[in-house]
Amino acid sequence: MTALIAALLIGALLGFVLWALSAPFRGRGSAVQPGDSDVRRALESAKGSKYSEIRDNETDYRTGKLSDEDYRALDRQLRAEAVEILRAIDELDTSNPAPSD
Amino acid sequence: MAFAGRVALVLALAVCAYGITAALYGGRKGRRDWVDSGRRSVYCLAAILTVAMVILEIAFIRNDFSYNTVANTSSTTTPLLYRAAAMWSSQEGSLLLWVWLLSVWASVATFITRNRLRDIVPYATSVLLGFGAFFTTLLVFFDSPFAQTHPAPVQGAGLDPLLRNPSMLIHPPMLYSGYTFFTIPFAFAVGALVVRRVDADWIRVTRRFALASWLFLGIGIVLGARWSYYELGWGGYWGWDPVENAALMPWLISTAFLHSVMIQEKRGMLKIWNASLVLAASTLAIVGTFLVRSGVLNSIHAFGASTLGIPFVALIAAMTGGSIYLVVSRREVLRSEHALDSLFSREAAFLLNNVVLVGLCFVVFWGTFFPLISKAVTGTSAAVGPPWFDRYTVPLALILVLLSGIGPAIAWRRATLANARRNFRLPLAAAALMVVAAYTVVPISSSIGVVALFSAAAFVCASVSQEFWRGWRARRATSNDSPPVALASMVRRNRRRYGGYIVHIGIAVLFVGVAASSTFQHEQTLSLRVGQSTRVGAYTMKYMRATGSVVTDPNHTGATMTLGAVLRVTRGGHYVGTLRPGAGYYPAAQIVPGLVVASLISGDAVDQIGLQSSWRRDLWAAIKPLGATLPANGTQLPEERLVNLADGTISPKLPATQQLQTAFVELGLIVAHYVKFPPAASFTLIASPLVMWIWIGGLIVFLGGLTAIWPAPSALRSRLRARYLARVAQELGRA
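Taken in order, these protein sequences are the chains called A and B.
Counting from 1, position 3 in the first sequence corresponds to residue 3 in the numbering used here; the numbering is continuous, with no gaps.
Counting from 1, position 600 in the second sequence corresponds to residue 600 in the numbering used here; the numbering is continuous, with no gaps.
Isolated chain B, as found in the complex (with noise of 0.2 Å):
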């Protein structure tokens, strides 16, 4: 079956080039059916590529390790779910969801417009099936999924025990949509600056393709910090890896353009400002996905150095070029059909959001790439930490939240200053009192840029509630619908705009938890024995006992054996909770003959930490089981001495599945020799507030951008309804 997919592989490039064809010359002879034609090869790219897809994920549940892929990221024992989502891992795997992702989506867009935008059509097409011939060429003569080894190994080398986390599973293809979702808008803008059609018509089209694309990206990096917090054993959720930012830096930018294209579609303003965003939004996605591959930076998110950094410089070197070609050739028909009324108005503050919003993406740009900067600029590579983009970004970060309560309290057009402050009162009343509120509580020499954060939050959810509740009244007056009928009614009219308050909400809220968790966080790493204890923050945690299991891994995640501890967290004696941290050991990827104990346990140990969640503050443990030393391969291996004397006892005449089972009784025993005679643990404990706020935050962000998405009922449907109620008030009329 590798064959058919390789075969897939080159069809679907061969469409590629075919589509791009026929759509650009019906394109320029004016023949729809040959822009029909390219557009069907939109849907053939989506058929091939799932068909492509799906002998993949067939060879990865069937454990086929004659396929490359297979067996580099999978294994036997990898759990199921883990294998079915395994392909991500992989560059090859990754690529091919890329581009099938892509496929669809570019479908669905070629599909809505089908009778629509006709002109630009071709074009977008053209562009949408250029991205997938340069992603499939990467398949076909750079890194094929398909690629195989005869005779294939017996075992794989096991999926990265640090991806087997459920936000895992969903967070690649949720990034993944993000930044394909955000290549529709891309190519509609490439289709209206070569027709020079740039009216608003093609953004109202696409408008809901980059929201939705604003709306995965959100939720991938979402799932990317939870995985962060619960994985990786440092204890955080954001460490301003060159990864993360690159998933930043083009939500960032849609953000901006979310927010600006409302000033286009109402007023015919900012039209350069616009296309510029949405080619840069794209660009950056592929500057993104180039950082993940290249392995330019370091990253632990990265696949590694690859040969796919040429062309993906490449590329990103045609879309930037591309782009300030089409901008500035078309600049006499982007010139906006009116000026700001009033510096005092919605569009201002939108404006103003724009600029800090850009603002920030140039802060994560610079930083993320300084060290390629500082390389060819001085020739040695220097990094910037944290505290530097925390310095930049934290004000920024506050002006924003200020004008995500500012801009929904104002005007269109033009605002008095009679109604601002009018319509300012209760949102600065709530600021105000959340400044007293948050200094009785916490010490203010230490806390002035986050008081001022919460205050800004406060001052956001008033504002945002005062809308709901003046918009609920005035439906409120203007029908006879009951409360709730009435509050549902309301957004269900305006999607759009209360899906965009309750997004406001949302960053309000999450950023309470960034800030809160971040600057009041307490947290230990030390060596205890069972018995000991250390207080962290108002907490103190005992080491109460130590625990181990073979096999039967809690966490589902097939770990061979995994050590641990149980916790006992008291506050002023009082009991809270317990916390049962751990690590997993997995086997290598080989079992060496004469070392089969420890080949089984050799392969990556990973953390399991120990939490216990509430909306007031997060325990967090995690362990690393000491009494190891390191061995050759650098595994570090508890009980080391014990190992080697299982490995002993184990002949290697003995049958392959008969030297497993012993080793697996043998690691039983040194399991329940360490529970009996713990060594000291190094533990990382931490206790840290309203980190919860920051995944709630992430949901309600998440249901406002569903609410703004779902599409509005049809106008015919509402046409009929509205008939048949005519028609039934009628005959009621007449009984």
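Chain A with its partners taken away, still in its complex shape (with noise of 0.2 Å):
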């Protein structure tokens, strides 16, 4: 009895295995690497750390750590830098626009 539960274990195993990882064998799945998307993430990324610094810059601010004057002037440079950010994703929409989900 336990080499039959075993030796269907064994098959079971096998039978998954074959399974999961023939798909390139029989032709299934997508064979070509999106190109431009990883772009997209690194600036989507970078728009993120951004945004996290813009808000950590206004938590300093209101807890004490920023004088006004370097609030601002820090504020100003970091917003400007997310500017430059958005403007990127905007320029590889308009050169290569995302395909629809």
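Think of the hints as simulated: they come from the structure by calculation, not from any bench.
This one's a predicted model, so the numbers in the text were calculated from it and none came from an experiment.
Check the hints yourself; a few may be wrong.
Said to hold, decoys possible - Rough simulated footprint, nothing fancy, chain A against chain B, three-plus residues with beta-carbon under 8 Å:
| hint | stretch |
| --- | --- |
| 1 | 7-16 |
| 2 | 34-46 |
| 3 | 197-207 |
| 4 | 230-244 |
| 5 | 414-425 |
| 6 | 606-616 |
What the hints assert, rightly or not - Okay, the calculated beta carbon distance ranges per label pair:
| hint | chain 1 | residue 1 | chain 2 | residue 2 | range |
| --- | --- | --- | --- | --- | --- |
| 7 | B | R493 | A | A73 | 19 to 27 Å |
| 8 | A | A73 | B | P395 | 49 to 57 Å |
| 9 | B | V435 | A | L92 | 54 to 62 Å |
| 10 | B | T76 | A | G27 | 20 to 28 Å |
Ideal placement from N, C-alpha and C gives every residue a C-beta, glycine not left out.
Two chains, each in its own frame: build the complex with the hints.
Put into structure tokens, the structure is as follows:
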């Protein structure tokens, strides 16, 4: 009985592995690696970082770690950097529109 | 079923080999289908190893002693809970646990990144499967958990009694999770360096895994310390043992990484430093795994000498050499995008914190490997002890605690002196107050270091509390939230920042416990008879009576016999509490005919400490019941004369079960004799202040880590909620 269970288990494992890994041999799945989505991801990621930096700057100001003058100067600089990132994202969209899902 | 287990391991190795090839081919040729197939190999590896784990676990639970692993580390007398965890007390079982955890976390990581970092993922997948291949190779060719002996022995050797402690049920899985979690940032760092894409994106994706590694390693280290305190009978929680140090080193480096990575995310700086920290932390995790398994250094936690040393050295060499090559060859793309704006900024504080943490790690590394270094240089192995470690780590730890109070109080990029004066006024006042308060309680001469640490801890707590207060006040000013909701919402909106602050408080509290308990501890080791007493610090401990039990082990660890003592503790004549230390005796691996009684108690003897713990101090006691001699097998047996007499009364001609029954009755008589006529017993008695704060500090660190790691509500859900709130407001406006 144990031997039968062991044989069934091995068979099931083998079947699962073959089914899961054989897609390229069966010609299933997308064969081409999409191109520029990672550039977009990187820009989105940079945007997220910049926004978080702007929020942190604001928290630092509200919790008394920055003077009015320093806060305004930094905020202006960070927002300008964020605008640059947004511009790069827009340029990417214009040159290569994102596929609709 | 062992055969199925062996086939599963071979299949796992084949899947790793295929997955590495498929992912690399897919990555090089830009073929998504092959990259996906490589990713699915990781899922398959997890599924296969889960089956292998289940097969082995069932063997442990069913007491299937045909498995060598089960026979060597479990027995029918081992309680079920400990049998279920006995797998990771063996070399091969723990290797299986290691690679299984790796496969599970790698599956999570590759699933999360299935549509992200497409150029990096193939190489990261290959590295993760490379680790999988290494460990499954060890399991297939060097140390199989499914090796069998036929016919199976009727009884196993039993789980080492030292490991029969609740902490040990979860300590190894926590440590291994810590080690294996860090392979994910390592793999993605390697992938990012290979394709020369070193922006912060891969860091954002894998940061949570680094944090999980740090958190799990931290929990593992604290649980290990608790186990040492409760189980090892020396009254300490940290002995600078090589295996303890092995877990501490990657934890220190990952702490440094978690701080410096924020600078890369925000400013694009420290890319070389961060890449080096990730690669070093993961390499150190493997060094830790190597130390436990190779037998190169003596440790109470190690598995002893084995043949696994050489493969591990090869892996460590490959990781170190590969890491150095990647960082050096990619130094151009790793250049910082910005420079440090000011030396008086949070970035600068983080940098200093990194230097201190790496310095600490270097000290620990040097001290740990000193026996090997000295042997290589002088031909004689010499070890350094705790005083050497303390000399270098205490000042560095003090600076670290101070920095964890300074960091939160200064701004990113630049801070002005005027703001600093305002922000540090309260923390400095708290630190000064603590100095005064401490010197009214403790003698000045012996405690400059500890008062400095108390003062630094007060500085941290005040600094972080001030941050919470100001953040909460700012939140209240911009919202209509009630005070508790405002606090919760403030933390929820910036979990990483406030989770980190909570961790800082936890670390300060933990260090206070360590400093106080190690500096002001009173310890006595002496022999006492019933009725005698001794002073331990301000406490008087009196040996009231002896205790004993057979089979009914009060700690449920499966001890055959327990001998102990009842100690009454008073202070200034007032009753404080009762301590009940004991010693548990466990059966030998084999019941020897003619020596059945002796066999039942001649396995290991383990301390069962008596403890009374409170927030102010711990009273700790261990006992070695004397009246014992050392027989040939080296185990200390109480009442050996009586044991020999008892064995003489049991006829070898009786059936085995009857011999056992009689032996237990005889053991009962021996215990009764011990309780009635107790000999002098050897005691170790300790009164130690603030030990509980070490565990409380650990708990606070855990809560802070959990706060920081908890995922933020998804942007989609937030947007939906905002839309609904707007609609409600609109509808209400119409009504």
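- [ ] Mind listing which of the numbered hints don't hold for this structure, in increasing order?
- [x] 4, 6, 8 and 10
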